[in-house]
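Going by my numbering, the first residue of the sequence shown is number 1, and it counts up by one from there.
Read the hints as simulated data drawn from the structure, not as lab findings.
These figures come from a predicted structure and were not determined experimentally.
Please note that a few of the clues may not be correct.
Simulated crosslink set (DSSO-like; lysine-lysine; CA at most 30 Å straight-line) [stated by the list, open to error]: (1) Lys118 / Lys278; (2) Lys126 / Lys295; (3) Lys295 / Lys281; (4) Lys188 / Lys246.
Taking CB as the label site, the calculated pair distances span [what the hints assert, rightly or not]: (5) Met93 / Arg257: 16 to 22 Å; (6) Gln294 / Tyr132: 26 to 32 Å; (7) Met67 / Thr263: 38 to 44 Å; (8) Lys281 / Val256: 22 to 28 Å; (9) Pro136 / Val303: 41 to 47 Å; (10) Gln50 / Tyr132: 49 to 55 Å; (11) Tyr132 / Lys278: 24 to 30 Å; (12) Val319 / Asn92: 31 to 37 Å.
Quick reminder that beta carbons are idealized off the backbone N, C-alpha and C, glycines included.
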Amino acid sequence: MFRSMASRGVDPYRKERLKDLFALHQGERRGTIVLVVLLLGLSVWAFYEQWFKKAPVRDLSAIEKEMQAWIAEQEAQAIDPVAVHRFPFDPNMIGREEWRALGLTDKQVDGIERYMAKGGKFRTKKDLGRMYSLPPEQFLALEPFILLPDSSERRRYTNAPRTTYADRWPRKDTIYERRTHSFTPARKLEVNTADTTALIALPGVGPSFARGIVKYRDWLGGYVSLDQLEEVFVLKDKPDAISRLKELLVVDTLMVRRIPINTCSVEELAAHPYLRWKLAKPLIAYRNQHGPFQKPEDILGCVLIDEALFRKLAPYLSVE
């Protein structure tokens with residue numbers, strides 16, 4: 001046979017080697033069959049997933065509920081009547097509830113509280129207007145109610161001729177007698193009816209002091225004692241100025257505006273600097289639970305009102 005193959009030009013040994021190279025043993029043939037079956041199965045499964053199986057439907061009800069709750073919260077803030085209530089205020093002294101009552105959002109209040117926590121302080125109205133969280137139109141709406149000066153007081157320079165050292169100080173051989181002059185007004189000014197012009201006419205009272213006195217008076221409903229001048233923001237830490245004002249002013253308590261505690265709203269109570277929201281709400285709740293007050297002293301039944309606070313509040317309350 002090899003001779004016949006060799007006579008035809010075919011190498012019999014090469015043919016045998018090629019046969020051994022491509023021939024599969026029984027185990028290899030079985031493995032190949034299994035591999036082919038697996039590949040076919042995967043192909044069929046992929047075809048089925050792509051063309052016949054429906055994509056799973058995501059449950060969006062939870063997301064929709066969250067969105068609806070957020071929208072409802074924003075709408076509630078937008079139409080909340082308390083949010084647009086305006087009253088005189090010192091931005092250095094009010095809390096979160098008062099800011100919310102003035103119409104600020106929680107995010108805006110957070111920004112102000114962070115500023116003050118870092119040692120920030122509002123000295124003029126413009127300082128509040130510089131807060132990034134407060135839009136200009138909102139600041140303009142609040143500006144008339146801010147109990148702060150419009151701008152910081154600066155030293156006023158005059159065109160008076162310059163004096164020399166010798167002009168200001170006498171020589172050693174000069175007899176120098178110091179004279180003091182006191183101002184005694186012919187008639188004291190009634191603080192509850194005086195306007196800023198009348199106050200500025202007093203010695204030592206500038207526009208800033210006058211505006212602060214009038215604004216705090218309007219916030220209180222009137223002064224019942226000149227000691228309350230110590231509560232005016234622009235007069236704090238100025239005992240000399242307060243002492244001088246006490247010599248120039250007088251108080252007429254008949255001009256004090258009283259709050260009818262049996263018929264007033266929570267907003268009216270919260271507008272008073274001695275009450276604010278943290279005390280106004282409990283007082284209204286106490287009135288609703290126990291009925292009308294028979295006399296001002298009845299508010300002492302509210303556990304949040306102590307004797308010291310009642311003495312300050314009593315002149316401003318009425319049960320009529």
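Structure-based check of each hint:
1. The straight-line distance between the Cα atoms of Lys118 and Lys278 is roughly 24 Å, inside the 30 Å bound, and the hint therefore holds.
2. Straight-line distance between C-alpha atoms of Lys126 and Lys295 comes to about 43 Å, which puts the hinted pair past the 30 Å bound.
3. Under the criterion of a C-alpha separation no larger than 30 Å, the hint pairing Lys295 with Lys281 is consistent with the structure, at around 19 Å.
4. Restraint check for Lys188 and Lys246: satisfied, since their Cα atoms lie roughly 9 Å apart, inside the 30 Å limit.
5. Separated by about 21 Å at the C-beta atoms, Met93 and Arg257 satisfy the suggested range of 16 to 22 Å.
6. Evaluation of the 26 to 32 Å hint for Gln294 and Tyr132 yields a failure: the beta carbon distance comes to about 50 Å.
7. Checking the proposed 38 to 44 Å range against Met67 and Thr263 shows it holds: the Cβ atoms sit about 42 Å from each other.
8. Judged by the Cβ atoms, the range 22 to 28 Å given for Lys281 and Val256 holds: they are separated by roughly 24 Å.
9. For the pair Pro136 and Val303, the beta carbons lie near 43 Å from each other, so the given range of 41 to 47 Å is met.
10. A hinted range of 49 to 55 Å for the beta carbons of Gln50 and Tyr132 is consistent with their spacing of about 53 Å.
11. Between Tyr132 and Lys278, the C-beta spacing of about 28 Å keeps the proposed range 24 to 30 Å intact.
12. At roughly 33 Å, the beta carbons of Val319 and Asn92 sit within the given window of 31 to 37 Å.
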